[in-house]
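Quick mapping for you: the protein sequence lines, in order, are chains A and B.
First residue of the first sequence: 3, per this note's numbering; consecutive thereafter.
First residue of the second sequence: 393, per this note's numbering; consecutive thereafter.
To be clear, the hints were calculated from the coordinates, so they are not data collected in a lab.
Honestly, I wouldn't trust all of these hints.
[Stated by the list, open to error] Calculated pairs, DSS-like style, for lysine-lysine (alpha carbon to alpha carbon, straight line, at most 27 Å):
no.: 1; chain 1: A; residue 1: K383; chain 2: A; residue 2: K457
no.: 2; chain 1: A; residue 1: K341; chain 2: A; residue 2: K383
no.: 3; chain 1: A; residue 1: K365; chain 2: A; residue 2: K112
no.: 4; chain 1: A; residue 1: K300; chain 2: B; residue 2: K878
no.: 5; chain 1: B; residue 1: K968; chain 2: A; residue 2: K383
no.: 6; chain 1: B; residue 1: K878; chain 2: B; residue 2: K943
no.: 7; chain 1: B; residue 1: K857; chain 2: A; residue 2: K383
no.: 8; chain 1: B; residue 1: K878; chain 2: B; residue 2: K857
no.: 9; chain 1: B; residue 1: K943; chain 2: B; residue 2: K968
no.: 10; chain 1: B; residue 1: K968; chain 2: B; residue 2: K878
no.: 11; chain 1: B; residue 1: K595; chain 2: A; residue 2: K457
no.: 12; chain 1: A; residue 1: K300; chain 2: A; residue 2: K341
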Amino acid sequence: MTSPAREYTSVVRVAGPLMAVSGVGDAAYGEVVEVRLPGGGTRLGEVLESRLDLAIIQVFGGTRDLDTDITSVRFTGVPMRMVVSPEIIGRVFDGSAAPADGGGAVIPGKVMDIAGSAVNPTARAYPEDCIETGISAIDVMNTLVRGQKLPIFSGAGLPHSALAAQIARQARVLRDNEEFALVFGAMGITNEDAQFFLDEFEDTGALGHAVLFINRADDPAIERIITPRLALTAAEYLAFDRGMHVLVILQDMTAYCEALREVSAARDEVPARRGYPGYMYTDLASIFERAGRIYGRKGSITQLPIISMPDDDITHPVPDLTGYITEGQIVLSRDLHRKGIYPPIDVLPSLSRLMSGGIGEGKTREDHSAVSDQLYAAYAKGRRLESLVTVIGDEGLSESDRRYLAFSARFEREFIGQGRAGGRAVEESIDAAWDLLNIFPEEELNRISTDLIEKYRGGAEQ
Amino acid sequence: MTGRIIRITGPVVEADGMRGALMYEVVHVGEDALIGEIIGLSEDVATIQVYEDTTGLAPGEVVERTGAPLTAELGPGLLGMVYDGIQRPLEVIREGMGDFIIRGASFPALDRNRMHAFTPVAEQGAVATPGTVIGTVQEGNFIHSVLVPNGIEGTFVRVADAGDYTITGEIATVLVSDGKEVPVTMLRRWPVRVARPVAEKLKPGAPLITGQRVIDSFFPIVKGGTAAVPGPFGAGKTVVQHQLAKWSDADLIVYVGCGERGNELADVLRQFPALTDPTSGEPLMGRTVLIGNTSNMPVAAREASVYTGITIAEYYRDMGYDVALMADSTSRWAEAMREISGRLEEMPGEHGYPAYLASRLASFYERAGNATVLGSSDRTGSVSVIGAISPPGGDFSEPVTQNTLRVVRVFWALDADLAHERHFPAVNWLTSYSLYPDDVEAWWNEQVGERWGEMRREMMAILQKESELEEIVQLVGPDVLPEDDKLSLHIAEYIRESFLIQSAFDPADTFCAPEKQYMMMQLITDYARYGRVAVANGMLVSAIVALPVAKRLLRLGAVPGAEFRNYFEETLREMKEAFHGSGGGTA
Ligand SMILES: Nc1ncnc2c1ncn2[C@@H]1O[C@H](COP(=O)(O)OP(=O)(O)OP(=O)(O)O)[C@@H](O)[C@H]1O
Ligand SMILES: [Mg+2]
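For reference, chain A alone in the conformation it holds in the complex (with noise of 0.2 Å):
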């Protein structure tokens, strides 16, 4: 894209997020447009489809108040680019990266394009160093590693944010001290929970090494279809530039979704399901993939996007699409929330798929797995019993169906729910694991070699 600026007033059609201008000829695909208005100030677009005599714009800041008379297109010749340099830590930007914080332009260090380019697949070192949240739901059966992509899958009035914060400030990597950044790309959030965050941050000094870009709900809708790609943008340059592990959280994604869908209708395109644009999954992925490790690079992406799930739905397009992309999800549950149960994590239907990688002897403790399996096996039937409790009552129950209905509650309240206040060390998190575990006579731990019992059960009922 080397064509220089040219510029035109021949706006022909406005609709929704789109405009038509004709006569251009040459404009590329993707590249970036400023467009004037005819009260003055710009904003930004991107060419979503060119042709001979017609370009198709989206304009980022929205299309309001322009007209097809005076306002004028400069198109750029360049694709939508950042600045980025060192300086960026520290900062809060706008859901178009301009400065929010009062403070001025950040000065050249390098100019990245914002879409981003596709890490080769034998270019990536797998994910294996274990991050520590201090989250037993997470640590212990759902474990995060560096690079890896992890979103929260949750609901309205969930304390998703609560508990990205909560990670945010806990997360740290076992036996090692390197430099670490925070991303935080938030698409469509309300200004309390925006200031929630930039309290957070400001209170716990994350605000030193972090980069905030922040689209407000009353801020453009569109504008969030390059938020999220800014602040990977920013991420990618810290991480494989400069070094630093980052972690970059993005709230909410179903508003980026929402953005997308937008354009998608505009375009009258095809949808797929529930008016979702088909290439949804491409274009996620686009951003998702953007996490990871890069052999002889020092730094890494680990992405914690925050995914709100439309009427607690977990099939809708947004969390499914997501899932099959993302390595696992933390999914947040509305009972264990309704019966006060912090963090509300519905270790079921979550899932870590690097944790294997991660743990285990030497890198967390030779029983994680096995612990895991167990908690796993033994709270999904302690569940399955408690359905069939509130059917046909615990009159005709075992001994051992008991233990497990037992287990469950305690699970749930103890385990599960540890509170707010401060984190557990993953070795502690395991310890509690078993502490419940004893409840089980040995031959029931079947997932659980007899060694490795031997060796941990501790305090048995004997």
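Got chain A sorted already, so can you dock chain B with the ligands onto it with the hints?
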């Protein structure tokens, strides 16, 4: 032979001035000569799907025709390679262009400078027909037969001496019917969308042994067979595919990562060189070709990736090998079709998929099979195809699952509930099926033991019974069941917990040899038999459960293969004694 871009929308480009261009012809698009393929023609306008990111392309830029369709390069040197969807060598690209994929990479799939030690087989004057072996090259642990290419028939006027040749070096000359002498090298090109011909398709062959109990013993697949693995996210499709790539007894593996995660390929690349092929003892990577077009790589190349993969599989089949191809995930391939079709503004069918979805799926799976190959009546080879499916919302009624089920013969239905409980592999034993058990029973009888079919049916019947009983339990509770039903529930639990559950991450259990599978089945079915007699004689199930021998059946999988026979015999002995003392000894 050049046209001009008139429209760009995502991965689809239209160009005019293209009269005379052929459907599926490869073209070079724009100043960076991006690779594309013609997928529609109307008057002088060609619609092109571009295999690379089209950002920066502008109307007016040129489109060059190549006159050739999208082909795969075939020859010695494929094994161990990692390619993108259009067979560009990813490791070579990384060396040449860095860690991130940049557009316009142009590297040949096969190294032009590498020397291969060629040993002639054909003799001067002999008849040369497609598939005739000209000579061989030792490719790692495999004998790579260099065959007479399709379309060439005549006699050998020259066959090269033994020696080192590059793939473009001449290794034979064939005199064809019109008196022309055609030089032949080791390099072949084949249009990926066309199936390579065989002499005759054969009936299903021996089982493809995978070392996964729920597959081999419950829902087997054969060499040359087809299987689908649908399941919601996180249900274990990729792990199943990786397990098959690691442990199945195919000679060669083609693994197509079609629109999935980069880290999953990194995982294969990390593990395979270190793991050894259970049959040959050689590093697994040496029997594997990887096609990796991850979800963030261009969507049109994803569409092509499954064809590139199966063409390579057929090429080795033609030498007489049993090749297994895994495609993870065929849904991403179908979505790539849908995305391209949408950009073409074609009339959408169900869920927005193009109307030709069903026929594309069918003709892809049709390329699997067991066959007598061209060139020799006694050389047979096979291509087995195992495709993962990622149904939206885990709902199997969607078009990709349904259209695939019409053409495949094995269905491993992965289940979210099982996965949530960490029952892995999460293959649902009630809804899954295989149409091959009758075909493979003879193999088991001859190679392992006579009772395979009978034990298999018994175990499946117990599980069926369990699901019926479970419905009753849901209504009235477990304590009202008669003792023999309680026993069925108890045995069913052992079948699930001890036999069906098999952790891919447990070194002792990740691969389970057929002999061990058979012994496990024997232990469980014998236990069931003793138990039934004991219950008939008045023994309570709670007493059976408490027998020390019952505990020995709990972690059968974790007992290493080498120790298993001893464990098996010891357990049988204990079982006999235990039940003898408890009134069940007459079993
Ligand atoms: N046989 C197995 N043994 C142990 N764990 C397993 C097994 N199969 C699956 N798992 C667990 O389930 C997780 C998810 O499996 P996998 O990645 O194969 O799912 P998938 O169906 O391919 O999902 P997606 O559609 O999102 O790619 C694995 O990371 C692993 O933890
Ligand atoms: Mg998968």
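Right, here's what the structure says about each hint:
In summary, the hint linking A:K383 to A:K457 is supported, as the alpha carbons are separated by about 25 Å, within the 27 Å threshold. Between the alpha carbons of A:K341 and A:K383 the distance comes to roughly 20 Å, so the proposed pair stays at or under 27 Å and holds. Simply put, A:K365 and A:K112 have alpha-carbon atoms about 37 Å apart, too far for the 27 Å limit, and the pair is violated. The suggested pairing of A:K300 with B:K878 is violated, with an alpha-carbon distance near 58 Å, which exceeds 27 Å.
Distance check on the hinted pair: B:K968 and A:K383 sit about 31 Å apart at the alpha-carbon level, beyond 27 Å; violated. Taking the CA atoms of B:K878 and B:K943, the gap is about 18 Å. The hint holds against a cut of 27 Å. For the proposed pair B:K857 and A:K383, the alpha carbon gap of about 20 Å is at most 27 Å, so the pair holds. A hinted pair counts as satisfied when its Cα atoms are at most 27 Å apart, and B:K878 with B:K857 qualifies at roughly 11 Å.
Using a Cα cut-off of 27 Å, the hinted pair B:K943 and B:K968 holds, with the two alpha carbons roughly 14 Å apart. Taking the CA atoms of B:K968 and B:K878, the gap is near 21 Å; set against the 27 Å cutoff, the hint holds. Of the pairs offered as hints, the one joining B:K595 and A:K457 is violated, with about 54 Å between alpha carbons and a cut-off of 27 Å exceeded. Our distance criterion of 27 Å between C-alpha atoms is broken by A:K300 and A:K341, whose separation comes to about 43 Å.
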